[in-house]
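S.K.: Each protein sequence line maps, in turn, to chains B and G. Just so you know, the first sequence maps onto residues 1 to 473 in our numbering. Just so you know, the second sequence maps onto residues 1 to 438 in our numbering.
These aren't lab readings, by the way, just hints derived from the structure by calculation. The model shown is predicted, which means the values in this text are computed figures rather than measured ones. Honestly, I wouldn't trust all of these hints.
Using 20 Å as the maximum straight-line C-alpha spacing, the simulated EDC-like pairs for lysine to aspartate or glutamate come out as follows [said to hold, decoys possible]: (1) G:108 x G:322; (2) B:458 x G:322; (3) B:51 x G:322.
Not close to chain B: a few residues of chain G, all C-beta gaps over 10 Å, as computed [claimed, not checked]: (4) 91; (5) 255; (6) 298.
Ideal placement from N, C-alpha and C gives every residue a C-beta, glycine not left out.
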Amino acid sequence: MDHHATTEEHAKSGVYHRYHIHTVEAPDRERWPSRFNVHVRKAGLAKLLIKEVFHYGPQNKDVILSRPCVYGVFGGPVGGFAPREEKCVGCLRCTTEFPDFVRIEHNPARRALGDSYFAFGYVDAISYEAASGLIPVKGAGYRGGFGGEGWDGMWTDMSEIVRPTRDGIHGREFISTVVDIGYTPNFLEFDERGRSAGSPPRTFSIPLPMLFDAPPASVRDAALPRALASAATELGNLAFLPVAALAGLGEEKLAVAPLVAPGDDLAAIDYQPRLIAMDGWDAKLHQELSDKFPHALIALRTAFDDPDLLAYFTAGVRVFHLTANYHGRGEQGDFVLDLIRAAHKRFVDEGIRQEVTLLGSGGIIAAEHVPKAIICGLDAVVLDTPLLVALQANFNDECLDRSTSEFQLPRLDAAWGAQRLQNLMASWRDQLLEILGAMGLREVRRLRGEMGRAMFMKTLEADAFAGIEGYHG
Amino acid sequence: MAELHIDLSGKSAEELIVEKHVANLHAGFAHWPRQDDGPPALGDARWPAELILATWLMAEDGRPPGTGLNYKTGASGGGFDKLDFNFLPEADWLPDMLEPDLSIKLNKRGDGRREIEIPIPIYGGGMSYGSVSEQVMRARATAAKNSGTFTSTGEGGYPASLVPLKDHIITQVATGMFGVREETIKYAPIVEFKYAQGAKPGLGGHLLGDKATSTVAAIRESVPWVSLFSPFPFHSVYSVEDHRKHVDWIRTVNTAALVSVKVSTPTDVDMVAVGSYFAGAHIVHLDGSYGGTGAAPEIAKKNIAMPIEFAIPKVHRYLEGEEVRDEVTVMASGGVRTAYDIAKAIALGADGCVLGTAELIAIGCTRCSNCERGRGCPFGLTTTDPLLSQLMPTEWGAERITNLYAAYAFQLKDILRKLGLKSIRELRGRRDLLRYTD
Ligand code: SF4
Ligand code: SF4
Chain B
1 MDHHATTEEH
11 AKSGVYHRYH
21 IHTVEAPDRE
31 RWPSRFNVHV
41 RKAGLAKLLI
51 KEVFHYGPQN
61 KDVILSRPCV
71 YGVFGGPVGG
81 FAPREEKCVG
91 CLRCTTEFPD
101 FVRIEHNPAR
111 RALGDSYFAF
121 GYVDAISYEA
131 ASGLIPVKGA
141 GYRGGFGGEG
151 WDGMWTDMSE
161 IVRPTRDGIH
171 GREFISTVVD
181 IGYTPNFLEF
191 DERGRSAGSP
201 PRTFSIPLPM
211 LFDAPPASVR
221 DAALPRALAS
231 AATELGNLAF
241 LPVAALAGLG
251 EEKLAVAPLV
261 APGDDLAAID
271 YQPRLIAMDG
281 WDAKLHQELS
291 DKFPHALIAL
301 RTAFDDPDLL
311 AYFTAGVRVF
321 HLTANYHGRG
331 EQGDFVLDLI
341 RAAHKRFVDE
351 GIRQEVTLLG
361 SGGIIAAEHV
371 PKAIICGLDA
381 VVLDTPLLVA
391 LQANFNDECL
401 DRSTSEFQLP
411 RLDAAWGAQR
421 LQNLMASWRD
431 QLLEILGAMG
441 LREVRRLRGE
451 MGRAMFMKTL
461 EADAFAGIEG
471 YHG
Chain G
1 MAELHIDLSG
11 KSAEELIVEK
21 HVANLHAGFA
31 HWPRQDDGPP
41 ALGDARWPAE
51 LILATWLMAE
61 DGRPPGTGLN
71 YKTGASGGGF
81 DKLDFNFLPE
91 ADWLPDMLEP
101 DLSIKLNKRG
111 DGRREIEIPI
121 PIYGGGMSYG
131 SVSEQVMRAR
141 ATAAKNSGTF
151 TSTGEGGYPA
161 SLVPLKDHII
171 TQVATGMFGV
181 REETIKYAPI
191 VEFKYAQGAK
201 PGLGGHLLGD
211 KATSTVAAIR
221 ESVPWVSLFS
231 PFPFHSVYSV
241 EDHRKHVDWI
251 RTVNTAALVS
261 VKVSTPTDVD
271 MVAVGSYFAG
281 AHIVHLDGSY
291 GGTGAAPEIA
301 KKNIAMPIEF
311 AIPKVHRYLE
321 GEEVRDEVTV
331 MASGGVRTAY
341 DIAKAIALGA
351 DGCVLGTAEL
361 IAIGCTRCSN
371 CERGRGCPFG
381 LTTTDPLLSQ
391 LMPTEWGAER
401 ITNLYAAYAF
411 QLKDILRKLG
421 LKSIRELRGR
431 RDLLRYTD
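Next up, chain B with everything else stripped away, as it sits in the complex:
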């Protein structure tokens, strides 16, 4: 693939470059089941042909051979006798014209992709986004259910007129998706001589509010860390990877935030990372990492509903990577949307939200979940299973967490994988821009915790339907 200057290289050049993710079409490597099954009764088709030959005469060959499908399903050498199912988009024109012998069905094998949480609709969307880098655009309105639980019970706001914070959709290239990771003081402190006192801010910025999580233990393909790290290098964000995965990496490890557990060989971290994550709290390890990597920020990876979050803050943690399981559930079963709000609120209530960075993962599996998670209080999301789906991973049964999930990846080519991940991020970032543009927000940092720009089904329904017989909220 061509070399395109990475975000890091642009930054070093000192010349302003608008952030841009380089997308290149990266088609599926593995043939996934077609979306539809096309059944043509051959006898019926033969009968039709004979009838039409008689009616139109051989001189009207074009008329006889004109078939209903405009997508080429019947465009093979023997037409409808061997339909090309993979091209079927389910328009139903053929079955409308020939109900007697053409039948189109959803393919159950396609619908079985993913698991009970990562439903096939999400898989479909990601497979398109990772292959093309584009935003899924379709006609004919929304086809899904009305609102729902979790993410689906939340809508984002829009603005009818120009807001001072926006420059219209044509300005959306200038909507910033940069987020800061690290520590900023709540206010400035000065000593009696007017000199700055207190802790100075310690942050670095990444150009999009999405990071990559460490893959589950079951995925052992050495090309995967390379794909993740290379994509992160191109994108300018970070990939969390276990210390053991660093060995196979070259320069691209600069975009890796090592995920360290007690007992890991710290000598394997032979560079100065911007961020290091501790997998669970360990005071000794925290001290060791702070001493050994004075320039790195030390994040703590722990559960959203860990009761000791504030104690970790007191112990010096300023960057939290909070986790729910792959189905977006916390240890007590709460959904990630509520977990994010609760965690954000705990820090707000203590007056220290500004001093910490909250990253979060678990159950964030669609582009729309990113702004929603940020509105609920995250600074940035850490993506897990969507990355695997972008690489065409198949789920073995239900996949719930990093330690127990079984995914099967096709034989991975790191360059193809990196491109798929970049495409996915380009698509998701563009979709984030759509949401921000619609709201009239010029930067994603302003979205954090902006609950006033969210609408929740429960509240709206209560406002609209209160008093209607049978409605009990």
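Based on the hints, put chain G with the ligands in the right spot on chain B.
M.R.: Using the frame of chain B, we list chain G with the ligands on its own:
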């Protein structure tokens, strides 16, 4: 399969191809609703197969289907699909011979502009030339004429073939100003400002390059085969005062036209509505998320702005609170699929509804969502492909939409009789006549 009695004499291959497929399609639209099951892959939560098939039947004969197909609700699990009416006991229904009045006034301001009343509380929403074929536009406008109501140009210009139907056409002025000319404003009995639309609230319109044929581009005064993105929002509008200037501009160009303001449904939709009223609008058109016919990012359709069911009561109450409710007509759209949805929207506080998808389904849409793929709609609806667009003959389409409107009117009268109401105007805001089903 349609019987083959196509007359071959002197016809070109293209004509024969079109006739063959049109005959097959029409036979299919009549066949499927009469089977025990529809095509297995037809339908979705908002428009289940039954509802699509029932709509095909209504478009065929202008009456609700007597076949047991559900023609009243979808399966979305919320909103209109959770509401039903508290009908009176049968003994208290109004007699059959009493024809409840379905008419609504579009100008309630008494400001000397046209006093427009439509005999049914519905009109057609904006679908632009380019997003749909010229045949579809003409069919919709002819149906509007047949039914004494209106349809809207959408943001894509005014094909010359529509001029004879201008008394039934709303000219839309949207952010890209495509096709907006002095004469198209002057033709219009109603001019509609599109601030936003439910299918992509907060985003501008899209017309992908493949559909911007040279004819479309000529009407839109753009470059052929280049995608067109309307900006969002109106870049000259920062406030209600700026909006007022817009309205005044139209009122100056056309001194008789009514002004409609089409907005989406943000958190402050109530204030947007009242602002539109104070800026001089006769009609506030609320377009909720979940609806729409045009190409839109999936993320926008599902996630931005609130569903219409929640926006209507919010706006109705706020306008009442401001004591202006009887001076402005509120039209609702965005997921209004059936006569029952229309009646529910009115009971929640709208005066009437604006339809889009239902009309397309009447003329053969299967809701497959492929409108933007390749040459456009394979049924000839949302396409500018010269061959495909012939698959929906204008007269046939006009008759189908007229029939659908007639079927809706029939059902609305039936609903009113069962509620003991003599006029659709009495239903407005009567939430007490609704019940929530769980
Ligand atoms: S459903 Fe549409 S795309 Fe599929 S085979 Fe039939 S005509 Fe072709
Ligand atoms: S492409 Fe499909 S959804 Fe779009 S108008 Fe045609 S039939 Fe309807």
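S.K.: Which constraints among the numbered hints does this structure fail? Numbers only, ascending.
M.R.: Hints 2, 3, 6 are the ones this structure does not satisfy, whereas the remaining hints hold.
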